[in-house]
Amino acid sequence: MRYALLLYSDPVAGPEQGSPEQAAEMQQWFAYTEALQGAGALLGGEPLHGTDTATTVKVRDGGTVTTDGPFAETKETLGGFYLIDVETIDDAIEWAAKIPLAPYGSVEVRPIMELPTEA
Amino acid sequence: MQQSVVAQVFADEWPKIVATLVREVRDIDLAEDAAQQAFTEAAASWGPTNTPSRPGAWLLTTARRRAVDVIRRNATLRAKLGDAVDLDSAIDGDANRIGGESEPGDPEPNQLLDDQLALIFGCCHPALNREAQIAITLRSVCGLSTRQIAAAFLISEATMAKRLVRAKDKIRAAAIPFTVPPRDRLTERLDAVLAVIYLIYTAGHSANDGAVLIRGNLCDEARWLASLVADLLPDQSEAWGLSALINLTDARREARTDEAGQLVLLADQDRSKWDGTLIEAGRYRLNHADGLDQPGPYQIQAAIASTHAIASSEETTQWETIVAMYDHLAIWEPTPVVALNRAAAISKAYGPAAGLEALDKLAFESADELDDYRYYHAARADMLFRLSRRSEAADSYRRALDLTTNESERRFLSKRLAEC
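First to last, the sequence lines map onto chains G and U.
Okay, so the first sequence: first residue is 1 according to the numbering used here, each after it adds one.
Okay, so the second sequence: first residue is 120 according to the numbering used here, each after it adds one.
Derived by calculation from the structure, the hints in this document are not laboratory data.
Hints may be right or wrong, so weigh each one.
In silico lysine to aspartate or glutamate, EDC-like type, Cα no more than 16 Å apart, as pairs [as the list claims (entries may be wrong)]:
#, chain 1, residue 1, chain 2, residue 2
1, U, LYS289, G, GLU25
2, U, LYS289, G, ASP52
3, U, LYS289, G, GLU114
4, U, LYS287, U, ASP152
5, G, LYS98, G, GLU16
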């Protein structure tokens, strides 16, 4: 089963930019990603720039509407994701709980929709 | 075949067949549909002279065949289940054994119990919300129909059907497993299982509205579930505590309402109507929990219920012990409801003035939560009445009446109000 682990947090939560705490957290991120890789569960994943860099695009009445900013203004914003391949949601929950931002943010676990493939 | 015989076989066999099939086909919807078909066929074809000697084996074999039919027809299921499911060989093993003794194709008794426990843990998985956990446990583990579950929770059958479909969709899409969690996660996961069973029991035990005070069916299912989980997890003290609590509370079921269906308070209950067998079972289970030396809220509540159960009357009840138990329970559950019960016990142990003092202290601390709580006003009214403060008692009874929709409780409060 493939799952997306969507990483949400308040941008001002967590260690401050450039602080020793942030450097320590970076090590945790590397270790976590390596652990996922070592378990053969990592398919992909990227961190995202903040929502102040986001652009939202819609097509309405045949025209493209482009606006500055995220789709929804919320306190906790999507900051990155992992794509993993594990047996069941129990494994996905276990990996989600180990993500370094889990203590101050939230991780949304979403199963990947398997589209029917040509036989 | 006689309707009642089919119903009995259904009640006995449904939980086992669904649990076995969920392990074998790894899809709860398919397992249920196949079981349902097997029961439909049984109802149509069994007669007085051609009922299989082992109805359970007949039903399991038929259900397996129906499941295989569906898998063969359905490409998506085939792809999903892959080689994991070897039902064909299971069915081969079934051949000719329907009328005979136990055969190698039968699930081992231990395997069957493991399957049932796994099914319960899957239905109560924390990735499902509580309402969904309750609904799907009653449907899949207990075999209640959608209509029965809807009626018990006072919602429409369509709404309950939607709830069940949503739950099953999530189970499938998110790959919620039907397995017993590993040891290091067991206690944490068991909390949800016990909470679901307890909520099923309380839903059966006391309806908030409507005229029916006790919906016995849910009480029976909860008692059965609690026993099953406790028996399968002998070292989990809270599982035994909950099973004890349900047995001891359910022992009072007959005495809890009178012939007119009116609520009878514990103090006024005819204790000869208490079910001695259930009390015995509850005390045995509480004793087992005590022996594990890991107290928890269900166990403490069971101990309180047990103290009531062994008293021959309200007067001879060991209220001081009960107060101490509520002190203990308040550490685990520091809620106004527990504090309220503690105050009521204090009034029995040390007099209404002491009880009222505890109640005043409680009202000072959590006025907001209690003001809309009918039992708070009823308890206060009772203490004031016993202190001969009749007009204040009447005010509190009126407030309690305003907050009560349950018909039998309303009749009780009105009667008391008339005595003020």
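*Hint by hint, which ones does the structure fall short of?*
Hints 1, 2, 5 contradicted; others consistent.
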